[in-house]
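Residue numbers (the numbering used here), protein chains in the order written: chain A, 1 to 262; chain B, 263 to 552; chain C, 553 to 808; chain D, 809 to 1064; chain E, 1065 to 1316.
Hints were generated in silico from the structure; no laboratory data involved.
Possibly wrong hints are sitting among the right ones.
[Said to hold, decoys possible] Estimated spans, in silico, between C-beta atoms of each pair: (1) A/S206 to B/E354: 29 to 35 Å; (2) B/K513 to A/L64: 44 to 50 Å; (3) A/S91 to E/A1128: 48 to 54 Å; (4) C/D727 to A/S91: 44 to 50 Å; (5) C/K654 to A/L64: 42 to 48 Å; (6) E/G1074 to A/L90: 38 to 44 Å; (7) E/A1070 to B/A291: 45 to 51 Å; (8) C/G677 to D/E921: 49 to 55 Å; (9) A/S91 to C/R569: 25 to 31 Å.
Yeah, the Cβ is synthetic: ideal placement off N, Cα and C, and Gly gets one too.
So you can see what is in the structure, the chains are spelled out below.
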Amino acid sequence: MRSVGAVASEVAGLRVVRLVALPALLVVVWWAVGGSTFYLPGPVEVGRAFAETWFSERLVDDVLPSLGRLLAGYAVAGVLGVGLGVPIGLSRRLRATLEPVLEFFRAIPPPVLVPLIMLLAGIDTPMKVLVIVSGCVWPILLNTVEGVRALDEVLADTCRMYGVRGASRLRRFVLRGASPQIMTGLRQALSIGIILMVISEMFASSSGLGFTIVLFQRQFQIAEMWSGILLLGLLGLALSALFRRLERWVLSWYYGSGAARA
Amino acid sequence: APEQAQGKTKVNAGVIAILDTAPIHLGKAKGFFDEQNIDLTITPVQGGAASVSGAVSGQFQFAFANTTSLLTAKQQGLDVKVVANGVSSTGEQGKDFSAVLVKPDSPIRTAADLAGKKISVNQLKNIGDTTVRASVRKAGGDPGGIEFIELAFPDAPAALQSGRVDAIWVVEPFVSQALGQGARAVAWNFADAAPDLTVAMYFTTGRTDADLTRRFTAAMRKSLEYADTHPDEVREILTTYTKITPEVIAKMYLPKWPVEVNRASVQTVADLALADGVLSEKVDVSALVP
Amino acid sequence: MLEISSLTKVYASPGRRVEALRSITFSVGAGEMVCVVGPSGCGKTTLLRCVAGLLPVSGGEVRVAGVPVTGPPPRMAVVFQEYGRSLFPWMTVWQNVELPLKEKRVPAARRRELVTDSLRAVGLGDVADAHPWQLSGGMQQRVAIARAVAYEPQVMLMDEPFAAVDAQTRADLEDLILRLWRDLGVTTLFVTHDIDEAVYLGQRVLVLSSSPTVIMEDLKIDLPPDRDQLTTRSLPRFGELRGHVYRQIQQARGSR
Amino acid sequence: MLEISSLTKVYASPGRRVEALRSITFSVGAGEMVCVVGPSGCGKTTLLRCVAGLLPVSGGEVRVAGVPVTGPPPRMAVVFQEYGRSLFPWMTVWQNVELPLKEKRVPAARRRELVTDSLRAVGLGDVADAHPWQLSGGMQQRVAIARAVAYEPQVMLMDEPFAAVDAQTRADLEDLILRLWRDLGVTTLFVTHDIDEAVYLGQRVLVLSSSPTVIMEDLKIDLPPDRDQLTTRSLPRFGELRGHVYRQIQQARGSR
Amino acid sequence: MGYGLAGLGGLLALLEAVPRLGLVDARFLPPASEILATLATQLATPALWVALGETMRGWALGLAIAFCAAVVAGVVIGIVPGLRAVTNSTVEFLRPIPSVALVPLATLLFGPSLGSTLMLVVYASFWQVLIQVLYGVAAVDQVAFDTARSYGLSAWSRVRHLVWPTALPYVMTGLRLAAAVAFILAVTAELVIGSPGLGAEIQVAQSGGAVPVVYALIVLAGLVGIGVNAAVRLLERRVLAWHPAVRSEVAA
Ligand SMILES: Nc1ncnc2c1ncn2[C@@H]1O[C@H](COP(=O)(O)OP(=O)(O)OP(=O)(O)O)[C@@H](O)[C@H]1O
Ligand SMILES: Nc1ncnc2c1ncn2[C@@H]1O[C@H](COP(=O)(O)OP(=O)(O)OP(=O)(O)O)[C@@H](O)[C@H]1O
Ligand SMILES: [Mg+2]
Ligand SMILES: [Mg+2]
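So that you can see chain A by itself, here it is in the shape it has in the complex (with noise of 0.2 Å):
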């Protein structure tokens, strides 16, 4: 019989070995491919343009600022994703008086759409975060109405009848019934904050990562834009593990249930 702790340790290091084996795979894909062009530089030159650009003041004056925006526009489109997805999802009426003005904003390009923003809420922080918003906003708000909608009918019924309304009802049935979709929303979101980040910080900036990205790109500091894009994709990481965090409490039930299959 092997210990416990040998258990332990095997189960951790396949954790491990199943974390890192295709992203290792990609790097050596990379190492074999890299270099050959002025604009695919090899992982080697990355890694010392990361460490040169990103290990500096730039991570408190260019990074930092990008990701409190990031956040707040993420949180702001979660708030208003919801907020607007709950009833439109609960009422035909109004689903059917909005759905096609969202989809006309759904259809803008955000990069079209910043110089309206700019006439609207400036070119500073507000911007920004309203740009964010405007591309974070629509994953949240369709999978909302799409939860609501697909809400159990005999869970409804018995809310019905159990006079279970208004606040009560929206806090422990329609939120928690359509959870799972939103959460798939939220996800969705996090990443595409990540991208529209970038995005803002193209119009009206002279900072943050995402415009310290374009500008190496301008500039032709090739190996310095991969760092940048490397730091994106490490961002992304990060908060999706985050995120995976706040799933797994929020969805216990959901997984448990056998409802879904984890």
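Fit chains B, C, D and E with the ligands to the known structure of chain A by using the hints.
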């Protein structure tokens, strides 16, 4: 007709669809490129960086980019080489295609007052901030404290009007437009930076063969000369590839299109950029502009 | 208390039209216990849902306490046939039972008492902290019953509430319902498949025909009001009534 | 055919640990029909899912036809207690029943025959084109039964398959299962709450204790093999066996 | 339908009122009537239709590629045990990389051609569908899944008859999300790379200071979005007729 196109070399040129590039459009329309056995396709690009990467990757045999972009590319070791002049400042105060504008009631009266203010440029660390600093310096101000902010030309007038920035740097057609709406020019930065400043140039990369380059250069020179001497036709051609309204086209200040690159001005820009930290090392202008 | 008059219900979907109820008329007095039996698929659930105001009727009218029903009337509790789906999976057993009481603004102390008592009554005192999906089918059904019982309703509608529990538990639950009905005077409409159960519990038994559904018989159960699993079931009259209902149902099925 | 040896199953979740089965050992011969009874929540469903290879066991072993079970063995049909959730809502009744046959590569003509026959046998010949959610609870349950029957399995596991149907339909379905068992020699493990049903159907009846669950009794039903609703149920021996099982279950519940 | 028109009417009224009441300068945001008039004149020019056609081609092709690839990848990752854990970190790493950051790579590989547009469109919309599919595959009911297993449904049958229908509502949302993102990226790619299309038209209008034209083109983009959504909704009604959400819609 296809048989006509047969002996011709297909050329794809990456060019921004703005006033500055009127000569190549005009030259194409006039057949100057056909004369050189070039079957020219003009692909609109968004900016200097896009044209440089397009040229480096081989999609464009020739492309158009501003002086600073080219200097930056050269500094990063990219194989770019100027083949013809692009566009130049008129060098005349009050009659150029680029200006720094303020609101009519702004306390900023001269370029020196711009010191310490918030000024929009279309791209940071590019020709805009370099030349605006030059204007301020020339007027006796200290350019060190200026806060530059990136704002695309089309968005700048609105930002100026709503007071989100103190001053904007724009080029035509936005100069005329904003002036028409009451804005006031406080500096003509291209004219200030260097006499007859070469603002942008046509370039190629090492992979284009010498003969084709020669022919393209010849056609380009003819186009530049023609454009410079036929302003009415320039205004005419603008209606075909831009969406500038006819009223504005009629009023716009046109730039100069001299045939020769003003090397001294390119060197000046390089030196200024180096001094401002836009470039990190001294660039050998003669390697860029042979 | 309940007045159902010429109630009809037709399910119409593209390509399918089911006449589930064809003119049902009956009434249930305040504090009465009426059992409904009928072949599978005859429309018992449909009837219950119409009475509960959960399903729009196609014709006729339902009145609860004299008021025409348009939505679920207050102080009415339902135990659904789909017991599993009627429990909130994100709440514990305790929270599921407590929720309607919170909505009724029952004070916390009284709430605790009601929940504890009703869970104990259905034999689930020790799983209050579990989630519904951690329970067996029969346990889930008992949670749904406990929720209805704790609610202290005026009217209780139950749709085969004991289908998933074993015989002994079933007997216990039957007595629980009888006690509740007697002590609180809860008007009860009780759907079951078990004829013995219907006769044992009901003051009246409604026998529904198979589709298109009408009431085949409205049978008064003239057994003594105090009922007891052993004595009542062994009365000769119990056997007679049972046999009568049995024959009626068989006839109902035959007629389709 | 089925060999279950020292089977244990523990559900462990954070903060809750339920020992659902504690060392269960029994076997079912090929072509045998064994009924399982026990109090609600004692672990019958758990047992069935372990035998079906749907649930990893915590200890012990299950063998089907001599092969240790790691996943669902071939030619096994299961009727789940949660009949509603086991039907695919996007398919019609017909498609639901037909799907496993398609997987078995039964030729189309034979498939049509099997589906028609089994649907008719459960009394649903006329709703083949409906979707499951357009049916009553009892009808849904019968679709699940028809699916198992049409599959012509070697081993059939049924978890309270008649819980939602009326008494008469229940009797019909019981005879259907008996016929199937006799004609095709299907090895059957049948969970029920109805003691009469267990005695009527089974060659053996397993009585489970309440949790932690062991087998309280493995009772041989020494009734004549040819069974009939009227005569078999009126045999004195039937009454004795029934009473015996009843007392066992009561004891099982008492012991908790 | 009527309600939808009312909603759009409200939006138009708002867009008319805001500049007219001087809340923003009409030079920078023209009133709705002027935008629509400009749109009408623009629609009369064949060049616009050519541009729209170009954009829609890149959109449709890119969306189709991304959708198919993501559905296949999502289902495979979702049902093969362990694959999700192996791919998770890579997916989460790649997802937040903006397509615009890939512009240099795209132009390097494909030039200012359809290929570049496709690469950006596919990259951006792939993840949208993938995540939806992954969640959709996870939503398979345990009892239904056990049913499929015990009746010996093969892997392919399970996907076809169980996993796919369960995931379909999620996939439809994914399709709606991806359709918009693909369109946005098609336009953006044209904006940035300069390949011909609606985005290039917007770019030219912007740099020419033709504000009403810019807004007219934006409105056109929005209208395309409405059309695409209506089409997906129609599709949804067909393929999800059994789903409670659609069921209630049809019945009521
Ligand atoms: N949503 C629905 N759409 C269409 N038809 C339906 C719907 N619900 C029920 N039906 C039909 O109405 C009839 C009555 O159904 P109901 O559920 O009321 O029967 P029931 O008496 O409760 O049966 P059981 O005892 O099996 O639960 C059945 O024929 C059924 O097919
Ligand atoms: N998923 C689960 N997680 C935790 N505990 C569970 C789970 N499923 C069942 N149990 C527990 O296991 C025990 C046995 O459950 P099981 O469903 O096997 O009972 P059963 O005999 O089928 O009961 P019934 O007749 O009520 O259906 C119960 O105490 C139940 O609470
Ligand atoms: Mg029913
Ligand atoms: Mg069970």
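For each hint, the structure was consulted:
1. A/S206 to B/E354: 29 to 35 Å: Cβ of A/S206 to Cβ of B/E354: about 31 Å, so the range 29 to 35 Å holds.
2. B/K513 to A/L64: 44 to 50 Å: 46 Å, holds
3. A/S91 to E/A1128: 48 to 54 Å: 34 Å, violated
4. C/D727 to A/S91: 44 to 50 Å: 45 Å, holds
5. C/K654 to A/L64: 42 to 48 Å: 44 Å, holds
6. E/G1074 to A/L90: 38 to 44 Å: 20 Å, violated
7. E/A1070 to B/A291: 45 to 51 Å: 49 Å, holds
8. C/G677 to D/E921: 49 to 55 Å: Holds: the Cβ-Cβ distance is about 52 Å, inside 49 to 55 Å.
9. A/S91 to C/R569: 25 to 31 Å: Given a distance of about 29 Å, which is inside 25 to 31 Å, the answer is holds.
Comparing the model with each numbered hint stated earlier shows that hints 3 and 6 do not hold.
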